[in-house]
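**Student:** Take the sequence shown: its position 34, counting from 1, is numbered 34 in UniProt numbering, and each next residue is one higher.
It should be emphasised that the hints constitute simulated quantities derived from the structure, not laboratory data. Among the hints, erroneous ones may be present.
[Stated by the list, open to error] The calculated DSSO-like cross-link candidates involving lysine-lysine, where the alpha carbons are at most 30 Å apart (straight line), are: (1) Lys605 with Lys294; (2) Lys605 with Lys318; (3) Lys153 with Lys223.
[As the list claims (entries may be wrong)] Label-pair distances were calculated between CB atoms; the ranges are: (4) Leu848 with Ala680: 52 to 62 Å; (5) Asn711 with Gly679: 33 to 43 Å; (6) Gln518 with Lys615: 49 to 59 Å; (7) Asp344 with Leu429: 53 to 63 Å; (8) Leu429 with Tyr720: 46 to 56 Å; (9) Tyr552 with Thr25: 25 to 35 Å; (10) Leu181 with Ser358: 52 to 62 Å; (11) Thr25 with Phe350: 48 to 58 Å; (12) Phe287 with Leu429: 27 to 37 Å; (13) Gly685 with Lys868: 12 to 22 Å; (14) Ser293 with Phe350: 30 to 40 Å; (15) Gly755 with Thr726: 49 to 59 Å.
Positions of the beta carbon are idealized from the N, C-alpha and C atoms, including for glycine.
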Amino acid sequence: MASQTPFITMPIRLEQPTSSRFLTTLHYLFPVFLLFFFIIFLAAWSVYTSETTDPTKESILFARRKSSISKPNVASGHETRKLPNKPLLSSFARSVFNWATVGLTVTYILDAANLILHALTKKGWWAGQDTVIYNVSLIFLSLTLLASQLESKYYPVVPHATSWFMILCAEITILIEDSSLHTRFSEWDQWQIALAAVAGFRIVWLAGMVFVWGLLYVREKRKRIQLESDSGTSSETTSLLGSDDSNQDYGATPAQAPAAKSPGWARRDKNPEGSWWDYLKGYKMLFPYLWPSKDRKLQFTMFVCILIVIIQRWINVKVPDQLGKITKILGEDKAEERRIPWFDIFLYLFLRFLQGSSGLLGVFRSILWIPISQYSYRAISQAAFEHVHSLSLDFHLGKKTGEVLSALSKGASINNFLEMVTFQVLPMLLDLNVAVIYFLTNYDAYYALILIIVTGAYLHVTVRMARWRADIRRTMVNKSREEDAVKNDSMIAYETVKYFNAEAYEFNRYKGAVSAYQTAEYSVLTSLNIMNVTQNLMFTLGLVAACSLSAYQVTTGQADVGKFVTLLTYLAQLQGPLNFFGTFYRSIQSSMINSERMLELFREKPSVIDEDHAKPLPDCEGHLEFDNVHFAYDERKPALRGLSFEAAPGTTTAFVGESGGGKTTILRLIFRFYNTSMGAIRIDGRDVRDYTIESLREKIGVVPQDTVLFNESLMYNLKYANPSATDEDVYRACEAASIHDKILTFPDGYNTKVGERGLRLSGGEKQRVAIARTIIKNPKIILLDEATASLDSETEQHIQSALKELTAGRTTFVIAHRLSTITNANQIVVVANGRVAEVGTHEELLSLGGKYCSMWNRQIRAEEKLKKLQAVHDEDPYSGENTPGTRTPYITVSDTELENAPVTPANGTTGGPMV
């Protein structure tokens with residue numbers, strides 16, 4: 001039997017060309033060196049030229065409550081970006097270089113054809129393993145360069161040009177070495193002359209590629225330097241050829257956003273542009289949640305899991321090797337040497353018991369990973385939930401609840417991404433590298449080359465097809481989210497659907513969303529099957545080549561049957577993870593697409609945050625002042641235009657005016673839902689920005705026009721203002737709000753469930769619960785935003801008494817449409833077009849005869865008209881001025897009747913009108 005020394009597989013009787021040791025070594029080592037050099041250099045270049053973000057200015061703002069899970073403490077601010085520093089060739093230039101690389105590949109194919117024809121023509125001749133390895137490797141490497149150049153519009157770049165130059169140097173060295181071995185030209189046959197001619201052409205071809213690319217690079221570098229000197233811009237803010245990539249954005253808000261802009265966390269229909277590093281780098285803000293930085297026990301567990309993965313790699317090598325040993329022992333030719341290898345068989349079975357994800361080690365690793373997975377999910381989900389609560393009112397006013405809920409539900413996606421990469425993809429790549437080394441040392445270089453080419457082509461085709469499928473799958477994911485959003489929004493708006501008999505419309509809307517999802521799903525599943533067939537074809541071709549070579553070696557006595565069995569077992573073992581690589585890639589892609597929603601939600605910045613110098617607000621007296629305050633929701637339409645007023649401690653200030661005048665905006669600014677554009681809001685003589693938002697809001701109580709309650713018990717909703725309040729505190733607050741006796745009449749008393757958003761309570765009951773809840777909070781400043789606008793007169797009278805109890809001794813700000821409710825206010829501010837039109841007490845404003853007086857007179861006329869109609873209604877409830885023959889019990893007042901109603905002088909002494 002022939003020697004099993006690596007790199008010697010062909011029979012010794014074959015004639016091989018004369019070759020030096022240096023040339024043989026170069027043939028073997030140069031392709032390996034070039035492959036690793038290009039991959040590492042290109043990856044480093046992608047990282048170096050990617051968009052960079054100042055980590056000290058990237059913000060993730062969380063709710064201010066304490067959490068058991070540590071979170072990175074990062075300040076807020078705008079991102080500063082470094083644009084891609086890549087040479088952007090014209091489309092024609094890129095096409096020229098791509099075709100030039102195709103030409104380079106053709107020259108190596110011509111060399112391979114020359115060697116094959118020479119071997120077929122001249123019996124007993126073979127070029128030698130080193131020559132074959134070199135030639136086939138360079139075909140594979142040139143195709144690799146071509147595939148890489150087609151990846152991006154920025155390529156070819158420096159790593160490509162450097163690789164061309166290295167191939168040029170290798171070709172020149174090989175040609176010189178060959179020439180030195182055949183000093184006389186007469187010794188060269190036609191085959192060597194053909195090889196030399198092709199090599200000479202290839203050298204000129206490569207030299208031209210390197211030279212032209214260098215000229216373009218230098219020219220564009222000079223152009224960039226000239227542009228920088230003319231404009232004074234930094235080299236880090238202009239791409240090499242003036243690329244227009246500054247508009248590329250990954251969820252972060254641009255420094256200068258357009259006036260009309262979709263939310264930063266809106267769905268993406270396409271994959272983001274840029275390098276893979278740009279894409280992955282966007283996820284770095286989520287990585288701190290994946291590493292248990294403060295839990296030593298979990299860190300040790302993670303280390304044990306990684307150690308188990310390394311042991312599994314060793315077992316994956318030993319299993320096929322052990323099977324080969326058993327086959328060799330059982331296949332001995334001599335009868336006396338045949339035996340039952342009990343130990344080897346039991347060792348093989350034991351290794352198989354340990355092997356794989358369902359083996360003993362895999363199951364043990366999965367169990368150990370559970371607490372790490374739970375930590376990651378808990379950390380990132382809680383952080384996302386707190387971050388959404390920390391966002392400002394402008395975000396929540398523009399959000400779709402279904403979309404936000406969908407984004408928050410993706411907390412496990414990034415955790416799945418970590419687990420798949422750590423325990424599936426990286427081990428698979430490690431297995432492939434170990435397999436190359438194993439075949440190189442235990443078989444020969446042919447098998448290592450076959451494995452490299454097959455796996456390289458397999459992975460490239462898989463990634464390319466997965467990218468093709470990415471947009472298809474992204475469409476399906478978006479359609480799935482739209483389906484969830486339609487479902488969630490319809491459930492939330494249940495009453496609205498019933499009010500307008502819109503069930504059929506909602507059914508059709510949901511049916512359309514499901515149909516759109518299934519259409520996208522069909523495309524995804526079809527493309528998946530196409531990818532699976534292509535993957536199987538690629539591996540099958542490699543398996544045919546390896547098996548054919550191994551069978552040839554067995555039949556010629558160069559290897560035993562055990563080697564053949566080991567080869568088949570090992571390749572079948574590698575085929576498993578390779579076949580699932582597409583699934584892994586799809587799953588990783590799916591996890592990243594899903595986690596994009598959460599990532600972009602994290603990137604959403606709150607517009608109102610604590611200043612760096614802000615301190616907690618101490619005991620508050622309640623003195624508040626607006627000093628020339630300007631504010632605009634949209635710069636094109638200001639809401640407040642230099643508004644100024646002052647409220648003394650313990651007084652009541654009422655705001656009146658037409659709708660859209662800025663009254664609600666004033667209360668929102670006091671509560672710091674927004675910051676002023678100009679001017680200042682002072683509390684107890686200091687700007688509100690000097691205090692933390694949380695401490696300021698602790699001193700403010702709000703009774704909104706529409707009270708929203710949790711679908712819990714009344715006691716839960718009442719104690720929500722102060723969880724430490726006792727039941728007695730709650731009872732006293734409810735008595736003050738005139739709701740205690742009413743609650744006791746409910747079957748379950750204070751344990752009564754209020755229903756979704758408190759819809760099981762009447763409007764007056766909800767308002768009194770809101771007042772009682774505010775009393776329990778015991779704030780120093782009260783904001784009443786039209787708290788009685790939607791109530792009837794009788795209910796309003798009950799609530800007015802409760803409000804007197806609430807506002808006693810507190811600084812109160814009231815928005816009221818019914819002027820009768822604010823006649824006793826210490827001052828009334830008439831707001832018109834974002835400015836203070838009038839200010840004074842009720843009597844002072846009436847004596848001015850201005851806007852307030854006009855509003856008061858209109859309400860008196862309306863009240864008198866209503867009284868007349870009510871009197872007629874009491875006599876004959878079916879009287880009216882409708883179509884003859886039609887009777888209606890409804891009382892209506894037209895705008896004309898309101899304007900033409902007789903005027904009653906305003907004396908300002910009565911309780912006033914009711915609208």
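**Student:** If a hint holds in the structure, say so; if it doesn't, say that too.
**Tutor:** Hints, verified against the model:
For the hint linking Lys605 to Lys294, the alpha-carbon distance of about 27 Å falls within 30 Å, and the restraint holds. In summary, the hint linking Lys605 to Lys318 is not supported, as the alpha carbons are separated by about 53 Å, beyond the 30 Å threshold. A distance of roughly 20 Å separates the Cα atoms of Lys153 and Lys223; the hinted pair therefore holds under the 30 Å criterion. As the Cβ distance of Leu848 to Ala680 is approximately 28 Å, the hint placing it in 52 to 62 Å is violated.
Between Asn711 and Gly679 the C-beta distance comes to about 41 Å, which sits within the given range of 33 to 43 Å. About 57 Å separates the C-beta atoms of Gln518 and Lys615, a value consistent with the hinted range of 49 to 59 Å. Distance hint check: the CB atoms of Asp344 and Leu429 are about 30 Å apart, inconsistent with the given range 53 to 63 Å. Roughly 52 Å separates the CB atoms of Leu429 and Tyr720, a value that falls within the hinted 46 to 56 Å.
Between Tyr552 and Thr25 the C-beta distance comes to about 26 Å, which sits within the given range of 25 to 35 Å. Against the hinted window of 52 to 62 Å, the Cβ-Cβ separation of Leu181 and Ser358 comes to about 57 Å, which satisfies the hint. A hinted range of 48 to 58 Å for the beta carbons of Thr25 and Phe350 is inconsistent with their spacing of about 41 Å. Under the hint 27 to 37 Å, the C-beta atoms of Phe287 and Leu429, about 20 Å apart, miss the expected range.
Take Gly685 and Lys868: their Cβ atoms lie about 52 Å apart, and the range 12 to 22 Å is violated. Separation of Ser293 from Phe350 is about 38 Å and conforms to the stated range, judged on CB atoms against 30 to 40 Å. Range check, Gly755 to Thr726: about 26 Å between beta-carbon atoms, so the 49 to 59 Å window is missed.
When the structure is compared with the earlier hints, violations turn up for hints 2, 4, 7, 11, 12, 13 and 15 and for no others.
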